[in-house]
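With the sequences and hints as input, model every part of the structure.
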Amino acid sequence: MNVKLRPEKYLKYFYLPNLFAPKRTKEILSVNPTVIPHREEAKEVVVTVFDYNADSLEEKTLSGVGDCFMYKTSGRNTWINIDGLRKAEVEDVCAHFDIHPLVIEDILSINQRPKLDESDNSIFCLLNMLYYNEEKNSVEQEQISIILAKEVVISFQEDARRDVFTPLRDKLKSPLSKVRQRPADYLCYSLLDMIVDNYFIVMEKLGERIEEVEEQVTRGVNTRALAHITQLRKELIVLKRNFSPVREVINGFLRSESELLEDRHVKYYKDVYDHIVQAIDLSENYRDIMVSLQDLHINNVNLRMNEVMKVMAIVTCLLAPATVIGGIFGMNFDSIPYLHNEFGFWVAVSIMLLIPVIMIWLFRKRGWF
Amino acid sequence: MNVKLRPEKYLKYFYLPNLFAPKRTKEILSVNPTVIPHREEAKEVVVTVFDYNADSLEEKTLSGVGDCFMYKTSGRNTWINIDGLRKAEVEDVCAHFDIHPLVIEDILSINQRPKLDESDNSIFCLLNMLYYNEEKNSVEQEQISIILAKEVVISFQEDARRDVFTPLRDKLKSPLSKVRQRPADYLCYSLLDMIVDNYFIVMEKLGERIEEVEEQVTRGVNTRALAHITQLRKELIVLKRNFSPVREVINGFLRSESELLEDRHVKYYKDVYDHIVQAIDLSENYRDIMVSLQDLHINNVNLRMNEVMKVMAIVTCLLAPATVIGGIFGMNFDSIPYLHNEFGFWVAVSIMLLIPVIMIWLFRKRGWF
Amino acid sequence: MNVKLRPEKYLKYFYLPNLFAPKRTKEILSVNPTVIPHREEAKEVVVTVFDYNADSLEEKTLSGVGDCFMYKTSGRNTWINIDGLRKAEVEDVCAHFDIHPLVIEDILSINQRPKLDESDNSIFCLLNMLYYNEEKNSVEQEQISIILAKEVVISFQEDARRDVFTPLRDKLKSPLSKVRQRPADYLCYSLLDMIVDNYFIVMEKLGERIEEVEEQVTRGVNTRALAHITQLRKELIVLKRNFSPVREVINGFLRSESELLEDRHVKYYKDVYDHIVQAIDLSENYRDIMVSLQDLHINNVNLRMNEVMKVMAIVTCLLAPATVIGGIFGMNFDSIPYLHNEFGFWVAVSIMLLIPVIMIWLFRKRGWF
Amino acid sequence: MNVKLRPEKYLKYFYLPNLFAPKRTKEILSVNPTVIPHREEAKEVVVTVFDYNADSLEEKTLSGVGDCFMYKTSGRNTWINIDGLRKAEVEDVCAHFDIHPLVIEDILSINQRPKLDESDNSIFCLLNMLYYNEEKNSVEQEQISIILAKEVVISFQEDARRDVFTPLRDKLKSPLSKVRQRPADYLCYSLLDMIVDNYFIVMEKLGERIEEVEEQVTRGVNTRALAHITQLRKELIVLKRNFSPVREVINGFLRSESELLEDRHVKYYKDVYDHIVQAIDLSENYRDIMVSLQDLHINNVNLRMNEVMKVMAIVTCLLAPATVIGGIFGMNFDSIPYLHNEFGFWVAVSIMLLIPVIMIWLFRKRGWF
Amino acid sequence: MNVKLRPEKYLKYFYLPNLFAPKRTKEILSVNPTVIPHREEAKEVVVTVFDYNADSLEEKTLSGVGDCFMYKTSGRNTWINIDGLRKAEVEDVCAHFDIHPLVIEDILSINQRPKLDESDNSIFCLLNMLYYNEEKNSVEQEQISIILAKEVVISFQEDARRDVFTPLRDKLKSPLSKVRQRPADYLCYSLLDMIVDNYFIVMEKLGERIEEVEEQVTRGVNTRALAHITQLRKELIVLKRNFSPVREVINGFLRSESELLEDRHVKYYKDVYDHIVQAIDLSENYRDIMVSLQDLHINNVNLRMNEVMKVMAIVTCLLAPATVIGGIFGMNFDSIPYLHNEFGFWVAVSIMLLIPVIMIWLFRKRGWF
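Protein chains in written order, with this note's numbering: chain A, 1 to 369; chain B, 1 to 369; chain C, 1 to 369; chain D, 1 to 369; chain E, 1 to 369.
One copy or two, either will do: identical chains are not told apart, so a pair holds if it fits within one copy or between any two.
EDC-like cross-link-like pairs, simulated, lysine to aspartate or glutamate; straight-line CA separation at most 20 Å:
| no. | residue 1 | residue 2 |
| --- | --- | --- |
| 1 | Lys43 | Asp67 |
| 2 | Lys267 | Glu248 |
| 3 | Lys365 | Glu307 |
| 4 | Lys178 | Asp98 |
| 5 | Lys267 | Glu105 |
| 6 | Lys136 | Glu211 |
| 7 | Lys205 | Glu134 |
| 8 | Lys171 | Glu58 |
| 9 | Lys178 | Glu59 |
| 10 | Lys270 | Glu257 |
| 11 | Lys43 | Asp92 |
| 12 | Lys87 | Glu41 |
| 13 | Lys205 | Asp288 |
| 14 | Lys178 | Glu91 |
| 15 | Lys178 | Glu105 |
| 16 | Lys205 | Glu215 |
| 17 | Lys240 | Asp288 |
| 18 | Lys240 | Asp197 |
| 19 | Lys270 | Glu105 |
| 20 | Lys267 | Asp98 |
| 21 | Lys171 | Glu105 |
| 22 | Lys270 | Glu118 |
Calculated from the structure, these hints are not laboratory results.
Listed below in structure tokens is the structure:
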């Protein structure tokens with residue numbers, strides 16, 4: 001009979017842990033911005049240069065960072081994009097463009113909080129590009145450093161394989177595009193805009209995941225739902241950690257009085273600012289929905305459990321009087337009334353049936369089931 | 001006997017999911033202000049023009065946006081209302097009235113956060129009109145863009161079928177109305193005022209819905225109540241998302257130093273500001289009440305469940321001694337005392353009855369039921 | 001036997017709903033400051049005028065609002081108190097005293113948020129007087145509008161039957177009182193002071209009610225306690241909704257640079273400000289206590305329920321072995337040991353008693369009861 | 001058998017209410033700063049005067065407040081400490097030292113929020129001294145009013161029996177102490193410093209109490225623990241109500257530009273400010289710990305309850321098959337297999353034992369106990 | 001049979017308290033910054049002096065504090081590090097370097113909140129170095145006081161055995177290091193930087209601990225998990241208490257206009273500021289994760305318990321009908337149908353088996369297990 005209880009069915013509920021990646025928690029929690037040596041040197045460094053003005057464009061993929069120095073004085077706007085971080089190269093570039101040593105540390109750091117740093121001749125900002133890893137259902141981040149100097153924008157990316165700046169490259173190729181016709185700070189704005197826009201794509205993916213979990217919660221009692229919710233709440237921490245500092249970064253651009261930023265471009269930075277504020281609002285909505293969902297899930301689990309227990313208790317309770325009556329007429333006393341009566345048995349059985357019926361009637365009248 | 005348990009009665013509790021619209025969650029969460037192509041082009045664009053001053057009024061429904069350009073220099077105040085958004089038309093109008101390209105993007109965007117944007121020659125603001133869909137019990141939003149320029153107000157609506165500005169049209173027809181006698185910024189105020197006033201109508205509908213749910217919660221144990229509460233909390237997110245940015249928008253009008261806004265109208269904008277602040281306060285009250293209600297619901301469910309389980313446990317427990325006694329005298333030992341006694345049976349049965357009575361007396365003395 | 005279970009005793013728990021007034025929720029939630037027509041015209045309008053200076057006092061109850069206009073130029077301070085709001089009368093008075101039309105709308109509105117409005121020649125403030133309705137255990141509010149103009153204070157009350165300004169009238173009759181010897185803004189301060197002081201009386205009543213509920217919670221398990229707590233939390237929303245805007249109103253008086261307010265009276269407004277801040281603090285304390293109380297209540301209900309269930313489970317569990325033993329020796333096998341033994345029965349019964357005793361001993365040793 | 005259940009043991013859990021003092025709640029909630037008549041006149045008023053400068057000290061206990069007026073013009077610093085509040089005396093003193101009538105009201109009020117009030121010739125501040133009543137485990141407060149005027153500090157205390165200023169008196173007697181060598185505002189600082197320092201003593205006592213409760217929670221299931229936690233949370237409200245206004249008071253001293261305060265003493269007020277900020281931080285930590293503790297307590301109660309119920313359910317469940325088997329072979333059918341078999345009984349009993357053993361083995365394999 | 005229940009297995013759950021250290025709570029809560037005498041005098045005071053400029057370095061370990069006074073006028077930068085706090089020595093040093101007596105009190109205090117104090121000739125700051133004690137799993141703090149004066153940095157540490165400044169000593173020995181080539185405020189920055197960097201090491205350890213607990217929670221039902229969570233939340237309080245005041249301290253350096261701080265070093269202080277802000281963010285993430293984890297743990301415990309109870313209830317319920325049937329045919333009526341039928345027994349037993357099978361089928365159809 002035990003076989004029918006299908007222990008495996010219950011047992012499986014006990015194997016939920018593999019869902020969680022405590023390793024993921026570790027990734028989220030192990031943040032130490034000051035310990036530089038942890039960063040592995042990139043195997044490969046790819047340097048691409050766009051040297052352009054409204055009239056002409058030169059695009060090159062360079063073999064080493066040294067080759068890009070000549071563009072400093074090209075008289076045109078230059079975008080130097082460096083994929084892959086290697087200490088020597090970063091120091092080399094920064095030295096050449098007069099970047100403060102602390103900025104070099106920031107570029108090479110890991111898990112740095114987004115930040116903005118202005119100096120006399122350059123503006124440095126560090127952000128994280130976010131990607132949604134659909135296999136692991138996790139939000140991954142790649143550190144992007146952008147340096148805006150006179151007629152030059154230098155961008156550093158950790159990983160050359162993922163590049164969100166491709167559409168910008170296409171725009172650069174078109175001589176009529178705004179980015180070609182405007183100075184370097186418009187290019188810098190374009191980079192920021194692309195990064196922030198990409199946040200919404202990540203959030204959309206997360207939104208779909210939340211929807212999936214909500215369906216699980218509402219369709220039935222998925223015992224893993226809370227694990228999924230916990231996991232999603234963890235990913236929301238990654239968003240939160242990135243979004244509000246980015247707002248500060250963009251706000252820094254807006255309030256900056258640097259000569260590198262043209263006044264007529266404030267409108268564009270204001271636009272990015274509006275987007276990041278909306279992203280923050282939205283991520284708070286996500287958070288609210290997760291909390292509602294968790295409440296609902298716990299309530300559903302309890303409701304279902306309660307119903308099961310109630311039915312079991314009622315069945316047990318309904319049969320108890322019959323057991324007592326059976327016991328009464330099973331006693332071995334010499335003189336038990338009706339024992340020798342022809343209909344005694346039927347009367348007893350009838351009472352056995354009648355009592356539960358009355359009980360059911362009473363219980364239902366009280367609205368218990 | 002199983003039939004009497006009426007499994008359908010319990011089973012129905014398991015079909016609550018259809019209440020929730022995870023699709024609704026998706027609608028609320030899928031917000032991407034930067035992806036323009038998602039917007040479907042409106043099938044129809046209706047342009048209505050009111051060209052007026054204190055003395056005269058010209059009202060026209062135009063076939064195309066191009067026909068409204070002539071009003072730019074009419075010397076009277078002009079309200080151009082465009083129902084239905086089509087990229088080409090929006091660009092056309094904006095180009096003619098010297099509106100910044102980023103504003104065009106905003107007008108055409110979807111799910112944009114309410115915002116205010118001032119430039120030298122115009123003030124642009126974007127808000128959402130809210131409607132309460134009584135069938136789906138959801139709050140729907142329609143994006144409204146308003147541009148205030150010199151002697152011109154241009155308003156863009158997504159959907160021509162729903163128009164809340166009708167009362168304003170009536171007012172415009174009366175030469176004595178303030179809106180006729182005052183410059184264009186008073187018209188702009190009137191539009192904002194109508195939108196914000198409409199929020200209260202939506203909230204009133206939501207308030208009635210909350211009242212219904214509260215009645216369900218208090219009248220009995222409606223197992224779907226939590227689903228309703230969760231749904232309402234989701235709709236409150238829509239309100240929250242709209243209200244606080246609108247406050248910022250109105251505040252922007254108040255602090256604006258644009259020449260387009262007359263000083264004597266500050267009082268009116270202050271009035272709208274007071275209303276939106278009250279709407280925010282009120283929506284927080286809604287939130288508080290929802291939380292109380294959820295607590296109360298969960299408590300009621302538990303209370304009722306507990307009472308049922310308690311009675312079942314007590315019945316089972318009261319009958320257990322009788323079962324034991326029945327078992328004792330049902331044993332087949334040769335010598336069992338009183339078995340052959342004439343009153344043995346009655347004594348046993350009396351004890352069976354007496355023990356539960358004593359138990360009940362004890363339990364009641366302790367206040368257990 | 002079912003009769004002894006006293007179903008009514010349990011059933012009554014299911015009739016708690018009538019406690020709640022969802023209607024109350026409706027009252028609290030249905031707030032629409034912009035819809036004027038909802039206000040019923042007052043049946044009766046009572047106008048009382050106090051025209052005074054340090055030397056003389058004229059007190060009159062007027063038949064119509066028109067008769068009070070002559071006091072505008074009396075050269076003395078005038079307090080015009082109008083009980084009962086009728087559109088025509090309010091417009092009449094305001095027109096005569098040069099009050100802005102938006103202020104008229106505010107005076108006639110319902111459920112308006114407390115607000116302050118300064119213009120060149122007058123200061124307008126709107127507050128709610130709060131009353132505690134002991135029958136319904138609810139906080140009722142009556143809208144009070146106060147206009148301070150040069151040498152004139154006009155106050156509008158909704159309801160003539162409840163008047164908290166009586167003590168002020170007595171003070172006015174005494175020529176030595178400060179209010180007689182100082183200009184009109186001191187009278188305005190006195191009105192505000194009385195309204196805010198009255199808040200504490202309402203809070204005291206609420207405090208007594210909280211105390212009652214706390215006694216119910218701690219004295220025993222009152223299943224209605226949570227309903228009472230929910231109801232009280234609803235009333236606290238009414239307080240919260242009034243108090244913080246009133247703080248802003250008083251702060252507005254403090255920061256005002258209007259000539260209508262004398263510098264030496266700042267101290268008095270500061271005093272009212274301190275009181276309203278204390279009221280806000282206190283209402284947050286109420287909130288905290290309600291939350292603690294709810295936690296405590298839920299815990300008590302669970303504790304009591306758990307104890308009952310534990311005892312029931314233990315009794316059932318203790319008797320189970322006896323049932324088994326009874327069953328064993330009740331089997332009809334031919335050869336069952338000890339069946340024919342003289343003391344067999346007593347041994348069996350002893351074991352039946354012994355096992356529960358051992359179980360009790362074990363359970364108690366483990367501290368289970 | 002019922003006797004063995006020791007009903008008293010369970011019953012005692014139902015008598016927890018006496019722990020709570022709803023009266024305490026009343027004390028905390030009944031705050032009305034505007035109703036003066038509630039204050040009982042002190043039976044005794046003790047006036048002590050310290051008239052000092054760096055060279056000389058005169059200490060006197062006066063019979064009436066009138067006798068202290070002569071020190072106003074002593075040319076030395078004077079500290080007038082008045083223990084016990086009587087309306088006539090307070091008015092007398094304040095009139096003599098030119099104190100504003102509103103300040104008199106504040107001094108005589110009850111449960112006043114700590115406040116600071118500057119006028120041209122004096123600084124008035126009102127604080128509460130806190131005491132921990134170890135018998136009632138409650139935080140008691142005594143209102144202290146301090147007036148700093150030119151060369152004079154006047155302090156009012158409600159209760160002469162408790163005096164925390166004794167150490168200051170000792171310092172005053174030493175001619176080398178700073179307080180002797182500096183002007184009156186240093187004395188004022190010393191009083192504030194002593195009051196704030198005393199807060200830490202109260203918090204230390206509360207900390208010890210929290211530790212006791214934590215031990216109760218962790219050592220075993222003390223059903224009263226939640227009551228203790230609720231009580232402590234109530235006391236924390238008293239702290240919160242006092243600390244943040246005191247911070248404002250001290251901050252007021254820091255920002256004050258009164259000539260009564262010497263610049264070189266800012267450092268000392270800054271020190272008091274640091275202390276009160278630390279007290280606020282600490283009281284928030286207390287609050288956090290109480291919340292954790294409550295979670296832990298509720299979890300422990302549930303855990304213990306669950307374990308008991310689980311064992312009971314398991315015992316009942318293990319014995320159920322034996323009951324069934326006993327019933328099977330106890331039926332009175334003519335032909336039941338093995339009934340006449342010699343070992344039939346033993347086989348049945350073996351099965352009765354075997355099934356639970358198998359069940360235990362299965363349950364344990366699944367990790368259920 | 002009771003032996004098989006393995007009481008020890010359950011009993012062990014009742015011995016969880018020893019996990020908690022209420023003593024730890026006491027340590028966290030017993031904070032009294034004003035009571036100096038509690039500090040034990042250090043047994044040993046070690047004074048090390050680094051007197052350096054870009055060209056030369058003199059390093060000395062002195063026998064007494066008096067010997068370091070001569071470096072005041074060395075004309076080079078001097079770092080005096082004093083390990084071990086003794087009242088006399090601290091007063092001696094401070095007197096010599098013209099430090100305000102209140103600073104001395106701060107240095108000697110215990111559990112002081114991090115603070116910054118500027119005077120004309122020096123900047124004083126007090127921070128806590130944090131250590132993670134892996135044995136006790138607690139965060140320990142050591143108070144560090146730093147005084148920056150003209151060409152002098154004096155640092156006081158409580159405990160000479162733990163010194164995090166060793167790497168700085170190594171840097172000082174290299175004539176090319178920045179710290180050698182720059183003035184004293186760069187040294188001060190280096191000390192602050194090291195302290196803040198060390199916070200991340202502590203957080204990393206805590207992060208590992210959280211990961212361990214998460215694994216416990218997800219791997220199975222560790223009944224002690226909540227105790228671990230509570231303990232970790234207590235440690236997070238220690239972090240919170242330190243981090244936000246440290247942010248204020250660093251911010252104070254940034255806004256300071258003291259001549260002791262060179263403008264070109266603002267960048268470095270800004271860097272430390274970024275780090276401490278990141279630490280604050282991170283500790284809030286920790287807090288969020290702890291809350292999620294606690295929810296998950298409680299849910300897991302309930303889930304597991306529910307499953308066990310459900311199976312027990314189902315087994316009990318399935319066997320109840322068989323008991324009733326056994327009882328029916330065990331009654332001693334003369335005429336019971338089928339009693340004398342050959343297959344009567346088998347029919348009865350079949351029904352006994354059939355009913356549970358039907359019940360299981362019904363229950364499974366309803367998705368109850």
